[in-house]
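Visitor: Chain residues, written in single-letter form:
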Amino acid sequence: MLTCDAYHRPRTLAEALALWADAPEGSRLVSGATDIYPWARDGRAGDVHLPAMIDLSGIGELRGYGFGKGRLHLAAGTVYQDFLTDPVLRQNLPCMPHVAIWFADDQIREVATLAGNLVNASPVADGTPAVVALNGAIELARLEDGEIRRRTVEIEEFIHGPGRTAIRKGEIATQVTLDTCCGYGGAFQKVGQRRSLVISVACCAALVRTDPEGRTFEDVRLALGGVGPGPMRLREAERMLRGERVEPEAILRAAHGAADRVASRSRLDYRREVVVNFVRAALEEALANRPNRAAAHDQSKETMANA
Amino acid sequence: MPDMDLSCTVNGRPVARRVAAHARLLDLLRDDLNLTGTKEGCGAGECGTCSVFVDGKLVKSCLMPAGRAEGAVIETVEGLAGRGPLTPVQKAFHKTGASQCGYCIPGMVMAATACLRQNPEADLDEIKERMGGNICRCTGYTKILEAVEIARDVIAGRADASVLDADETLGESYIGHNVRRIDAPAKVTGRLRYAADMKLVDMLQMQVLRSPHPHARIVRIDTAEAEAMPGVECVITADDVPGKDGFGVFVHDQPVMARGKVRHVGEAVAAVAAEDLVTARRAVAAIKVEYELLPGLYDPEDALKPGAPVIHDYAPDNVVKHIPLRKGDIAAGFAAADVILEHEFGTQQVEHAYLEPEAGIAFVDHDDVVTVHSPSQNITHHRHMLAEILGLPINKVRMVMSPVGGGFGGKEDMIYQGMLAIAAMKTMRPVQLNFTREESLVASAKRHPSRVAYKMGLTSDGRITAVKFEMLSDGGAYGMSSEGVMRKAAILSCGPYEIENLQVDTRAVYTNNTPSGAFRTFGGMQAQFATESMMDMAAERLGLDPFEIRRINMYRAGSLTHTQHRLDRASLDQVLDAAEAASRWETGVPSVRGALRGDLGGPDTRRPCTLGARLAGGPATAAATEAAE
Ligand SMILES: Cc1cc2nc3c(=O)[nH]c(=O)nc-3n(C[C@H](O)[C@H](O)[C@H](O)COP(=O)(O)OP(=O)(O)OC[C@H]3O[C@@H](n4cnc5c(N)ncnc54)[C@H](O)[C@@H]3O)c2cc1C
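Protein chains in written order, with the working numbering: chain A, 1 to 307; chain B, 1001 to 1629.
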């Protein structure tokens, strides 16, 4: 059971930062609360008493998104459901709808934030591999002499291990910046104890761009979750594929290369096995999900309907 | 507790309340507004019994801070129909019989409503996907999904609203007809009150201190600090049991609270009744128990070894129950066999996971009758046991069965009603105890994990000549229903087959694992898993069709059962015919066709869950594009 002495609902970032700077030791920031509440239960942290909870969900500045320098800036309040319902996000972050559909359920996604997922830094978080594949970075704000100061940290540097990040005392995550990957095909693979509404044992995010004919890989992004203390970008596999012809052998080579690399770091045989299939399936699905490809697919469906 | 002031709109009405700073939206709705159609099934966002709309979006209210309700527009299951007629979704749930125990149903109705609000054209795959956050343990979802499709068609105008009220005409008999459940309207509207939804004036909340150890002697329990806490009305331990302590479905080996020693992790050691839940939990944390650890038993085989630790003094061999069955002469039967198969089978512990965690209320009425409301599956027996425990004549004890939000056998054991009754007698105030999901998992009985050593002799034409069946079950720390489960496992051991020579032994033994008890099939499942697997393996070995080998051995009118009962009727032949037709079975030995089989994945086969129905570019995308333009 979670109890607290004070529950704050600041309306501005400045107000939140001031509250956070003054908050007694042990206080917590709250976004969707979908990690915090289940954590304060028997079998995990048990009953937890917090001096203060600072709820960030009422802050206007932490909502919405914008573009800048080829990057998408998602405010920290962006929730997983947005990746399914917002057509602009769907188009520019093609792997995210696939992550979202396998993430929890519709109701949790309405409140669970991407930022909370990153700060919580679970090794089996679904969002981190996708964010790493999108060259993601997180913006952190703090108060210094009454001024809001911001710094940006790459996600690969931000996550140090399970539950450990580069966030410092007094800092609030305000933004997640990502590459815009319009025109890429995206995919997400996930395996857990059951299919739906489950935490991953391992997961894999992929983004693929090809030439218009779909013959060669122009860009490939691959990242794994659940195989180590933090997300793992598969740069070697990406390099192997860039410029390669789109062929099953190339995909399989990359998949095996990735598994070898993981094998050296992961203790679980099962995860090792899963990686080969994951990388292959993620690449195949990402290829199938390319937007131009999808249009062709729709066309063929129409022809069939007319026939 | 520090408070905060909140105002919001709930089901169309303005609401202003002062709530605890830590309250969740679920607490505001249930405790402050008495909107108990919203349930707490897990408190961790997994089950969906607490789904409500906040500003038009469906969320799980157990994970939403109440503070976030400030200024929000909230709609609960009570608000869907208000005082008007049921909504099409609610009517469709009524029509198809989608509500069984009903505990998941308010949440299901909310999720179905949200699904059809989001996409009125959702197809079955999308409906499944959008309702994926809500769990049901009774229906297998079929009737729920059927209801949502009917409601969708009515809302979209494709089907006439009259289908919601239409029923099949009843012929001569109710049997074979769909009949409406009379309790469905109460369930689809959230009006039915389960034990955790009831409130009595001046009611205390109980919390229980549970053992962290599987086997330990209790050296000392110090309740002084807990008792001194303001708001604590009583702290009880085994010493407070006024009558003869002990309950169980067959053997009364379980004390109301641990007496002298604990036998499994999660066993109740002491209980607190306090003015509110937080105080009760803090008081529980303040109780100090000194334990002396004892060697434990975790494997049923170890329990039978000479010199094994003894878990109950009355059973120095650790055997809860041994049921032997003998028929014919197995030595002769095996001698007459052409083939003998020997295999071992193991099944695991299973949790019932009913959506309603254990809950109850007790009070002493004006005539000094101790009254307990709880979702008990066995009230009369509970009443008798409780009278003994309380040292009261039977007419001074009343058990009321509150609606059972799923039981499946798991609510047959009186694991908390005694504590409630004693606290009510000590405080002379009503007391309520609502288990958390975690508590329900550690404290309630499970399906027996069982091992079966099986030996079967057959003639080469498929006739079973003899069976030796030995089951060892882990009964866990207390007897509970083990005796009955072993009896049933023995009776059903060799399945619906006539076997002239058999030797069956089923045994449940004590260990320091979570107690095993009643669970649907009551021992039959573990036995049938072994027997039916043996039948398939025998068919393979003898080159027979699996249906054929069953027909050769099945009970017929005139057969003598394992327990030597002469049958005057038997219907297995019809069951096999029906199953064979329904499964579109291709006749043949099971092992030789492999990928060539044509009878797999037919039209009524359930496909695995695949998500992403709305990513493929269906109506949801169209709606999103429209919204963006
Ligand atoms: C039923 C259920 C299913 C789930 N399924 C999945 C799943 O499939 N995949 C998955 O990855 N996760 C899953 N989760 C976990 C959880 O939903 C996610 O990790 C979610 O993204 C957390 O976000 P939140 O906004 O709810 O975080 P919160 O619980 O509010 O916060 C999480 C942590 O981040 C901190 N924090 C939050 N916001 C900020 C900020 N702006 N700046 C600094 N610190 C901050 C908090 O202090 C806290 O330590 C599930 C959870 C539940 C209950």
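Watch out, some of these pointers could steer you wrong.
Which chain A residues stay away from chain B? Per the calculated CB distances, all over 12 angstroms, these [stated by the list, open to error]:
1) His8
2) Asp35
3) Val48
4) Gly58
5) Gly186
6) Lys190
7) Ser196
A partial selection of chain B residues facing chain A, derived with a Cβ cut-off under 7 angstroms [said to hold, decoys possible]:
8) Arg1018
9) Ala1021
10) Lys1057
11) Arg1130
12) Gly1132
13) Ala1238
14) Val1241
15) Val1350
16) Glu1438
17) Trp1585
18) Gly1588
19) Leu1611
20) Gly1612
Because the hints were derived from the structure by calculation, they are not lab data. No residue lacks a Cβ here, since even glycine has one placed at the ideal position from N, Cα and C.
Visitor: What hint numbers does the structure not satisfy?
Guide: 1, 2, 3, 4, 5, 6, 7, 8, 13, 14, 15, 17, 18
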